[in-house]
Amino acid sequence: MEDFKSLSTIVNKDFEVDDIPSEELLRERLIEAFAYLLDNDISKMMNILYRTDVDEEKLKKLLISNSNLPSATVIADAYISRQKEKVETRKKYSR
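Be aware that the sequence shown starts at 1, since it is given in UniProt numbering, and climbs by one per residue.
Treat the hints as calculated values from the structure; they're not laboratory data. Treat the hints loosely; a few may be bogus.
[What the hints assert, rightly or not] No farther apart than 25 Å at their CA atoms in a straight line, the calculated lysine to aspartate or glutamate pairs in the DMTMM-like style are these: (1) Lys84 to Asp55; (2) Lys13 to Asp55; (3) Lys91 to Glu2.
Turn these sequences into a full structure, and let the hints steer you where they fit.
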């Protein structure tokens with residue numbers, strides 16, 4: 001629960017998700033948000049991914065290898081994965 005709260009706090013800097021009660025719902029909300037950004041504001045999406053430090057080459061490979069999934073799903077999962085890495089790093093070095 002503590003990790004989800006930390007994850008939610010980090011994600012809330014880019015998306016309004018402070019009212020999301022679970023990681024599953026957070027993922028769904030982010031998929032919707034990235035789908036919207038892909039269709040309407042790709043430069044904003046790229047800016048978010050850049051600031052979050054989602055590896056561009058890794059994301060390209062994920063999009064190619066998961067071509068059966070919607071792009072927004074792959075991007076949201078990569079974004080969440082990167083944010084989880086940040087939570088773990090902060091936890092590791094705050095001890």
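Evaluation of the provided hints:
The suggested pairing of Lys84 with Asp55 holds, with an alpha-carbon distance near 14 Å, which does not exceed 25 Å. Among the hinted pairs, Lys13 with Asp55 is consistent with the structure: their alpha-carbon atoms are about 19 Å apart, no more than 25 Å. For the proposed pair Lys91 and Glu2, the alpha carbon gap of about 10 Å is at most 25 Å, so the pair holds.
Hint violations for this structure: none, all hints satisfied.
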